[in-house]
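Visitor: These protein sequence lines map, in sequence, to chains A and B.
So in the numbering used here, spot 25 of the first sequence is number 463, and the numbers just go up one at a time.
So in the numbering used here, spot 41 of the second sequence is number 437, and the numbers just go up one at a time.
These are calculated hints, taken from the structure and not from any lab test.
Glycine included, C-beta positions come from ideal geometry on N, C-alpha and C.
One or more hints might be untrue.
Stated by the list, open to error - Facing chain A, from chain B, some residues (calculated, C-beta under 7 angstroms): (1) Phe434; (2) Ser448; (3) Gly449; (4) Gly453; (5) Ala483; (6) Thr484; (7) Asn507; (8) Pro509; (9) Ala511; (10) Ala522.
To be verified - Simulated crosslink set (SDA-like; lysine to any residue; CA at most 25 angstroms straight-line): (11) B:Lys427 x B:Gln459; (12) A:Lys480 x B:Gln459; (13) A:Lys625 x B:Gln459; (14) A:Lys608 x B:Ala522; (15) A:Lys513 x B:Ala483; (16) A:Lys482 x A:His605.
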Amino acid sequence: MGVFALDSYVLILRGNDVLQFINGLSTNKVNGTCTTVFTTIKAKIIDMCDVIVMDDFVALIGHNPYKESLLSHLKTRILDSDVSIGDASFSNEVFLSTADIEVNEGVTKANTFRGFLIISPIGKGPEVTMTEEQFSNYRVDNMIPHHGHEITPEFNPLDCGLGHLVHDNKGCYIGQEIIARMRSRNKQLKQFVRVSTHGEDKPTTVGENYCLTIKRMRK
Amino acid sequence: MDCNTCDSTGAVLVHTPEVVEVSLTITLQAKEMLENAFGDDRSHALLVGVLSGGCSGYMYDLQIVESTEQDCQELIIEGFRVLVPNATSHLLDGIEIDYVDRLMGGGFKINNPNASSACGCGESFA
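So here's chain B without its partners, still in its complex pose (with noise of 0.2 angstroms):
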């Protein structure tokens, strides 16, 4: 390959989604979860986002973040500060934030109106 070839390339245009207006929820028991996890502090936020990869092509992303570089949109839910990038909105709105308590596979779990499948594990979707 010729890297000055290379350098010229067109660029694969991209197709960029909307940016959704996020609405979503989150359960009792991942509320309990959350408290528990930021304390007293709220001036941390819970980031959402999403991945490629995983079985299914997506996969979710949960930080504890006090601020990101990434173009977010922010939201008070429940009295936490949530974040959710807008380059994946369009794969979150609408989602429900749970809590599962379990010996095996316990955690947040998401539960995504958007996903037409998802893996065993529940951290990725289609």
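Same shape as in the complex, but just chain A (with noise of 0.2 angstroms):
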């Protein structure tokens, strides 16, 4: 248990049509601080993201190597929305704690499912107890899915273990209608799932005992 460095991205958004603007084109129900995920057309993944609405901006942590996928992705649909994005990446540092700590003056928490997430300006936030293969057991237990272990491009929401953040009944966005196929004729072909390391599943994520995979499933 402890403090890992996360590679994300922090963009800044601004402007009255931010949050419609992000529900229309996620998966989760975005009316506030919440765990969404950007999908394309073909209901594959672009990027997990925290959305954090903080006083006068909403904030969007997501992981760098996503970083200009999302962006262009997000760039052509602003049309005339109400809609500005800076890129505060530069400035913070982000972390996820596996416990409710305590944090600087400055710093934002956000509690996820993945635990507490938090973002702080470069040089304020906590120190960094956790390992890469401690991150990683952390994960196997809890059966977290990560960011380029799980959560890639490849997959759809559902076959890596994010179905909590697909809302059900929010209404269209992009990758919607697939996703909604999926569900209502049971047609999951992957599942995310914790196996044995002596399995023969090849892993996603390797932990001490187990590891996580996402598993094609039997019909």
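Assembly of the complex is requested from the two constituent chains, each provided in isolation within its own frame, with the hints serving as guidance.
Guide: Okay, structure coming up:
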């Protein structure tokens, strides 16, 4: 248990239409601070992002290697909505804490399904106490999918254990038709599971005693 | 997050698409429906816009308006004032506004040569 440094970007969105804009393009019902997934028309993941509503802006926290894909996805869809995007990645650091810890003034903390997300100006964040290996063990123990391992553009949100971030009746968003069909017809072909390290399945995350993998289901 | 830091965030450059001089057509069926909707009053206009969202990324937005604050092109088609926002003109050039009379899913339908795909209900396109 401890604090792990994430490789994340921090986008700052301002304007009257920001929440409606994010809601229309992602899987969860976005009407406040939450976690949601941006998907393509074919329902493949672009990025899973934490949406943090602050006083006068909304922060979008996602995985750094997926930033450009998400930005291209968002930028072409602003049209004449009241939304502007700024990039504050260079001046902030992002951490994940497995426990609720005290943070310095000016540091933002949000409770997410992965743990406590901490966004701080560079140098003001908590001390990192978890190695990559320890973080993998924490994720395996708690069945938490992670960017670059299970959360990748190869999968849709249902494949990789993010079904709880897909709202059933929020209305249309990009990729919704495919995801809704998979759910209603029980056509989910892959499943996020924890398996033995000695099994035949190719792991997406290796833990001490168990692994995480996305397994093709037999129908 | 430090708000002072956030205030100084670099703006992400958003590519503004070129404004296209839109041409569009209205089918006979759609014209009849618009005549029913407008009556003899031609002071109002049909606003044909696009919003982000929907199953395929963009959604059509048809409204009857007196005026709008959006920066629009004004066209006269079949005797109707049609307003097309410049911000979405690149997505709407060449469209045909049709009306489909069905018990389910009937209503105005946009046939759009710029759309590479559309969702089942026809309200959204990519």
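Visitor: With the threshold set at 25 angstroms, check whether the alpha-carbon distance from Lys608 (chain A) to Ala522 (chain B) stays at or below it.
Guide: Answer holds: Lys608 (chain A) to Ala522 (chain B) is near 20 angstroms, not above 25 angstroms.
Visitor: Does the interface hint hold: is Ser448 (chain B) within less than 7 angstroms of chain A, judged Cβ to Cβ?
Guide: OK, holds: Ser448 (chain B) within 7 angstroms of chain A, min 4 angstroms.
Visitor: Are the Cα positions of Lys427 (chain B) and Gln459 (chain B) separated by 25 angstroms at most?
Guide: The hint holds at about 15 angstroms.
Visitor: Given Gly453 (chain B) as an interface hint, is its Cβ closer than 7 angstroms to any Cβ of chain A?
Guide: With Cβ-Cβ at 5 angstroms, under 7 angstroms, it holds.
Visitor: What's the verdict on Lys480 (chain A) and Gln459 (chain B), does the C-alpha distance respect the 25 angstroms limit or exceed it?
Guide: Not satisfied, since the Cα-Cα distance of roughly 30 angstroms exceeds 25 angstroms.
Visitor: Does Thr484 (chain B) meet its interface restraint, that is, does its C-beta lie within less than 7 angstroms of any C-beta in chain A?
Guide: Given a least distance of 6 angstroms, the restraint on Thr484 (chain B) holds.
Visitor: Please verify that hint: Pro509 (chain B), Cβ, nearest Cβ of chain A, below 7 angstroms or not.
Guide: With a minimum Cβ separation of about 18 angstroms from chain A (threshold 7 angstroms), the hint on Pro509 (chain B) is violated.
Visitor: Does the alpha-carbon distance linking Lys513 (chain A) and Ala483 (chain B) stay inside the 25 angstroms limit?
Guide: holds, 13 angstroms
Visitor: Measuring from the C-beta of Asn507 (chain B) to each C-beta in chain A, is the shortest one below 7 angstroms?
Guide: With Cβ-Cβ at 19 angstroms, over 7 angstroms, it is violated.
Visitor: Using 7 angstroms as the Cβ threshold, decide whether Ala511 (chain B) counts as touching chain A.
Guide: It is violated, given that the least Cβ distance between Ala511 (chain B) and chain A is near 12 angstroms, above 7 angstroms.
Visitor: Is it true that the CA of Lys625 (chain A) sits at most 25 angstroms from the CA of Gln459 (chain B)?
Guide: violated, 38 angstroms
Visitor: Going by Cβ atoms only, is Ala522 (chain B) closer than 7 angstroms to chain A?
Guide: At about 6 angstroms, which falls below the 7 angstroms cut-off, the nearest Cβ of chain A leaves the hint on Ala522 (chain B) intact, so it holds.
This entry does not satisfy hints 1, 7, 8, 9, 12 and 13, going by the numbered hints stated previously.
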